[in-house]
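Take these sequences, add in the hints, and give me the full structure.
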Amino acid sequence: MRVRLLQGLALLATGLLAGAFGYGAANLVPTFNAVPLDMRLSFHAELMKMNGITVQAAMAVSTLSSLALASSTRGRARLVAGSAGLLTLASFLITRLGNVPINGRIKEWALSSAPLDHAEILRRWELFNTLRTLTALIAFALLISLSLRQPPGDGKQPRTTPA
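For the sequence shown, my numbering assigns the number 690 to the initial residue and increments by one for each residue that follows.
Have a look at the derived ranges for each label pair, beta carbon to beta carbon:
1) P790 to A749: 16 to 24 Å
2) G764 to A808: 42 to 50 Å
3) N716 to G764: 36 to 44 Å
4) G793 to R765: 40 to 48 Å
5) A830 to F732: 24 to 32 Å
6) K796 to L837: 40 to 48 Å
7) S801 to R767: 44 to 52 Å
8) P719 to R767: 33 to 41 Å
9) R763 to T720: 40 to 48 Å
10) A715 to R785: 19 to 27 Å
11) R765 to T819: 23 to 31 Å
If you are wondering where the hints come from, they were derived from the structure by calculation, not from laboratory data.
Think of the CB as a built atom: it goes at the ideal place given N, C-alpha and C, for glycine as much as any other residue.
Dropping the structure here:
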């Protein structure tokens, strides 16, 4: 029962994380690039205020639940869940070390003006965004594959789904 709950929590949190990043990559980034720079900077700065809480919570729960799932299972399930946990941790590190410092600069630019090299800095933010989106999506796909192949419980039960 504990493994099933951990697996459900890991799937939910990682799905929310991948969904948030996926939505951002598919919809927000192209919109950022389609509007005037001052509008982008203002909206970006305001959006990051809201995302700071929700996205960090999703990253923390995704990582912790995936790693807890890994420690509660054996064999291939442990490897898959552990990999998902490490990928969500990578999403966190990319965000903290890549996106967040640039978000701080964007917040300053929204109040004053962007520097001459702003386009390159914004491209770097988008690269970090793409990387964290991919790590979250791969983590979610791994957890989905685990839930489709791994029987509920500790893995001692016979398979209930085809291999």
